[in-house]
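K.L.:
Sequence:
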Amino acid sequence: MAISNKTTGIRQQREQLPIAQGKDAIVREISTNDVTIVLGETGSGKTTQIPQYLIESNVINGRIAVTQPRRVAATSLAARVSQEQGKPLGSLVGYSVRFDEKSSHATRIKYLTDGMLLREMMSDPLLERYSAVIVDEAHERTLRTDLVLASLKTILKTRNGDIAKKAGKQVGENPLKVVVMSATLDAEKFSLFFDNAKTLYVKGRQHPVTIYYTTTGQTDYLDAALRTFFQIHLDQPPGDVLIFLPGQEDIENLNSSIRTHAARLPIGSPDIVVRTLYASLPNEYQSKVFTPAPQGVRKCILATNIAETSITIPGVKYVIDTGKHKEKRHISAAKGRGADALLTVDITKSSAVQRAGRAGREGRGFCYRLYTEESFNKMPLSSEPEILRTDLTTALLQLKCVGQDMEDIDFMDRPDDVAFHSSLQTLLFLGALDRHRGLTELGRQMAAFPLDSEYSAIMLASISFRCTSEILAILSLMSASSPLFPDSSTEREAASEVRAKFGHASGDHITWLNVMRAYDEYGTHSADRRAWCRANFVSERALRDASDIRRQLQDMCEKVGIDWQVSAGQDVAPILQSLAKGLLLRSALLRPDGTYKQSFGSLEIRIHPGSALADRRSPAIVYNELVTTTRTYARGVSAIPKAYIASLSIPIDAPQTT
DNA sequence: GAGCACTGC
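Residue numbers (the working numbering): 880 to 1537.
It cannot be assumed that every hint is accurate.
[Said to hold, decoys possible] With a straight-line Cα cutoff of 27 Å, these simulated DSS-like cross-link-like pairs (lysine-lysine) come out:
(1) K1257 <-> K1068
(2) K1068 <-> K1032
(3) K1207 <-> K1068
(4) K1207 <-> K1228
(5) K1068 <-> K1036
(6) K1228 <-> K1082
(7) K1077 <-> K1257
(8) K902 <-> K1077
(9) K1205 <-> K1228
(10) K1257 <-> K1207
(11) K981 <-> K966
(12) K1068 <-> K1082
(13) K1203 <-> K1228
(14) K1203 <-> K1257
(15) K902 <-> K1082
(16) K1521 <-> K1476
(17) K1032 <-> K902
(18) K1205 <-> K1167
(19) K1205 <-> K1257
(20) K966 <-> K902
Everything labelled a hint here was simulated from the structure, so no lab data went into it.
Please build the complete structure, drawing on both the sequences and the hints.
P.N.:
See below:
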């Protein structure tokens, strides 16, 4: 067959990428080293090209895994690379993300989320099905990226290093190549972690972006953003404007003030169309940001961090950066024992660079930073790695299952002993570990489910309480990425009135179950379901998400021989007993003044006013989470008999020093 | 009596 124009076009495009000039050097370095660090700016083509180079030059004869922090990245990269190879997606090039996989035995390059690679390690602890693992976007330092990096270091020792030699295996029998890819900030840390691994630099292709700073500090970033936007709009050439804001509330406020001001512009001024973008916005509204504005109209996009990495909007020439974002912070007590707060805080340098870069994707761009150059210089380089900020319980259990012990593992940044200890205590309490920190059979079963450890414990408890069907519905909603009852401040009273029919005296968990049951019975027609959700003030996204999760959990149950159809009927006691099994560390007891005190902690908490239990006094409760706003509130609350708490012996030791 | 940044299995 003659080479089509399309194929030659693609080849030309590949050859014109900045990385193409370095191809031979990259291939040579990777073939001679176990670990290679590639530092490449955005637009270099490293993620799409390097895997192809390794296959085309026969440096790698087996399979290559390329990890990504986000699902959309994994699927869209796979689509592009398989197109470049001129093969259908899922043959030579494939992907694997939760709920979706396109790969086959023929797949040589597989793009997958780092969470998916960790899952694969459960059945293949040395990742022997891969000859190379490429960890992309390593600079983001997500929890899962850090777990992958730490695991790879251990795996390398076994497959390539001393341990392989000692075992009498010929080194090189099935050696592993590791490539770590990162943006240019935080360079040598990866190299140091992998014993001074060779570092390659790849030029990017980004248009220049002019940065402007304010001369004085801004106290009101919304007002500053408003004024800056109209300055651009009235004085600067056409081009869309992207404004980074911390959250939905700011976005809505700025949206209305821009519209108000736009209406007062002199006749003859160009028109403005405002679009908003944040994760909890329904998809049909999110996709509106991609519609180009008509000729002569300027589009203004008000977005959260979602536009920093996850969603790329074409046509943006101007970026306004407020320098703020929201961050979940754990306050009071060890991780997982205290409360979380969502705070608006300053961004980091790498975040500021990333935001500015959004203006230079198609041509010369401009970034207006609503802070001084001095404050930029004072920003930390990048945010603290997630592994130092987050609860480690599930991560510890997963690593245990692949034969890696916390004590032996080398992390890029090692969490402190307090964090380890509280997670170990939780695992001990849930019965996943024994007193010698050994993995129990229960722990192994828990890790098999794609759920937080506490939720896995609930799931397994439901077998003996004979209510797995109900528990799967509840856990799926608890694991869904959006809340079932979104808080719409404008329709709060109407919403709570309509939702009351789902309410159950025992609390929120059974209330959610009632909603899921009603949704299940409603039918499968998507337009009907959407209307039903809207009429009942429940989140369709939460229910759709939960349905996907439940289906996955049902499949896993079938695989391991658990009958997920077992139902407790109308009896709620077994459901609450199962919940208590996993949530007892998140329980609290009523005090005479109507507030509650943690059973395993000292915080004074209140039931969140949006809860089904808000107006009741229950002697004992369990909750999903503690959030601190004006006060510390328990959300996702159910009343349990006080005896459940009293009767449990807690096998928790005092903290030990190691 | 109330305020949900962003990911992932």
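K.L.:
For a quick check of understanding: which of the numbered hints are violated here, in increasing order?
P.N.:
7
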